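Keeping their order, the protein sequence lines are chains A and B. Every number in the working numbering is 44 more than the matching position in the first sequence, counting from 1. Every number in the working numbering is 44 more than the matching position in the second sequence, counting from 1.
Just to be clear, a hint being listed does not mean it is correct.
For identical chains, the list gives no copy identity; a pair is met inside one copy or between any two copies.
Said to hold, decoys possible - Listed next, the in silico DSS-like pairs over lysine-lysine satisfying Cα-Cα at most 25 Å (straight line): (1) Lys65 x Lys161; (2) Lys183 x Lys158; (3) Lys161 x Lys111; (4) Lys172 x Lys161; (5) Lys161 x Lys183; (6) Lys69 x Lys158; (7) Lys69 x Lys183; (8) Lys183 x Lys94; (9) Lys69 x Lys111; (10) Lys187 x Lys94; (11) Lys158 x Lys94; (12) Lys69 x Lys172; (13) Lys161 x Lys69; (14) Lys158 x Lys111.
Quick caveat, the hints were computed from the structure, so don't treat them as lab data. Given the structure is predicted, the values throughout are model-derived calculations rather than measurements.
Number of protein chains: 2
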Amino acid sequence: MQISSRFTIAIHVLTAIDVFKDEYKTTSDLLASSVHTNPVVIRRIIQQLKAADLIDVIRGSGGASLKKEPSQITLLEIYRAVDCVESGDLFHFHEDPNTQCPVGRNIHAVLDNKLIKMQEAFENEMKKTTLSDILEETKQLIKEEQN
Amino acid sequence: MQISSRFTIAIHVLTAIDVFKDEYKTTSDLLASSVHTNPVVIRRIIQQLKAADLIDVIRGSGGASLKKEPSQITLLEIYRAVDCVESGDLFHFHEDPNTQCPVGRNIHAVLDNKLIKMQEAFENEMKKTTLSDILEETKQLIKEEQN
DNA sequence: TTTCGTTGTAATGTCAATGGTTACATCTAT
DNA sequence: ATAGATGTAACCATTGACATTACAACGAAA
Numbered sequence: 045m046q047i048s049s050r051f052t053i054a055i056h057v058l059t060a061i062d063v064f065k066d067e068y069k070t071t072s073d074l075l076a077s078s079v080h081t082n083p084v085v086i087r088r089i090i091q092q093l094k095a096a097d098l099i100d101v102i103r104g105s106g107g108a109s110l111k112k113e114p115s116q117i118t119l120l121e122i123y124r125a126v127d128c129v130e131s132g133d134l135f136h137f138h139e140d141p142n143t144q145c146p147v148g149r150n151i152h153a154v155l156d157n158k159l160i161k162m163q164e165a166f167e168n169e170m171k172k173t174t175l176s177d178i179l180e181e182t183k184q185l186i187k188e189e190q191n
Numbered sequence: 045m046q047i048s049s050r051f052t053i054a055i056h057v058l059t060a061i062d063v064f065k066d067e068y069k070t071t072s073d074l075l076a077s078s079v080h081t082n083p084v085v086i087r088r089i090i091q092q093l094k095a096a097d098l099i100d101v102i103r104g105s106g107g108a109s110l111k112k113e114p115s116q117i118t119l120l121e122i123y124r125a126v127d128c129v130e131s132g133d134l135f136h137f138h139e140d141p142n143t144q145c146p147v148g149r150n151i152h153a154v155l156d157n158k159l160i161k162m163q164e165a166f167e168n169e170m171k172k173t174t175l176s177d178i179l180e181e182t183k184q185l186i187k188e189e190q191n
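Sequences and hints are given; from them, build the entire structure.
Right, dumping it as structure tokens:
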């Protein structure tokens, strides 16, 4: 299984919101066209980003804008916002191993620590990159295109 | 989405194979009972572990055994063996962003490096734990139960 | 105050993966 | 031969992802 594309779409959307902020009204239609998907898919994701307090969305007249400094938005926050992993647990532990069995009744205790560590390593790496890193590089590439 | 329980089941199975090696013939029935699932589910997983050269499975008379030293089997190898993530990519990138859009045509290049790093952080952490770590701790817990 | 463009959200559909189950051919040791 | 295994195909139910249609609610501007 892979981590849902909601995550990369959310990053794309936040990037586009910032890059286009002075040029266009960043509606779900515009964003959907950039991502190349359906506007409703975008609206669902911007609702999640709004619930996580990362953006404002203007009902009625339309458009979205960042609510925090890009340097204060880590990829981990975005990942958590779009809820790619149920209950926050990256690993799916098989339910109720046999407690009659010495291995069955102890494996959970042994594995839990390790699984948590792996998940933390992953999430810590996500903390290291912020939206402003993405924005800088993206804007740079766009600038280079113009030569 | 969560990483398939095949992963934790595989660890459980390998642990049980070693713990019970002198006591029982570790058939798919026995292992299924320890994991508390269907024997066919176990057989599918032991086939994957066999294909990855981690175990031998004896056709006919039955039973499985480790093919490598537990200290030489990392959780990463087990994870790869059971193929929880298609094509090895942990993240699902939304296909074909709009190339008419400056963000759409550049976001992939910007994100790819970051995603790879996050995946590597995760996989490196998996390399740090071996089956022998799991075995030691499990055997210790079993021993403690007997007091 | 009506109209228009937009958001918010429910309902529905398709697809793929997971995990469970039955069934059975095949193998091997006794 | 037979008994106990494995290897594997077939099928099913459930779930989540993503796409899509439809429409109510909203807000600004004509």
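Now the hints, each set against the structure:
1. Lys65 x Lys161: neither (39 Å within a copy, 29 Å between copies)
2. Lys183 x Lys158: between (39 Å within a copy, 16 Å between copies)
3. Lys161 x Lys111: neither (32 Å within a copy, 27 Å between copies)
4. Lys172 x Lys161: both (17 Å within a copy, 10 Å between copies)
5. Lys161 x Lys183: Intra 35 Å, inter 21 Å, cutoff 25 Å: inter-copy only.
6. Lys69 x Lys158: Neither way: lysine 69 and lysine 158 sit 46 Å apart in one copy and 28 Å across, limit 25 Å.
7. Lys69 x Lys183: Result: close within a single copy only, 18 Å intra versus 62 Å inter.
8. Lys183 x Lys94: within (24 Å within a copy, 48 Å between copies)
9. Lys69 x Lys111: Close inside one copy (16 Å), not across copies (61 Å); limit 25 Å.
10. Lys187 x Lys94: neither (30 Å within a copy, 51 Å between copies)
11. Lys158 x Lys94: Between. Shortest inter-copy distance 24 Å satisfies the 25 Å Cα cut-off; intra-copy 33 Å does not.
12. Lys69 x Lys172: neither (30 Å within a copy, 48 Å between copies)
13. Lys161 x Lys69: Neither. Shortest intra-copy (42 Å) and inter-copy (33 Å) distances fail the 25 Å Cα cut-off.
14. Lys158 x Lys111: between (36 Å within a copy, 23 Å between copies)
Hint compliance for this structure: hints 1, 3, 6, 10, 12 and 13 are broken, all remaining hints hold.
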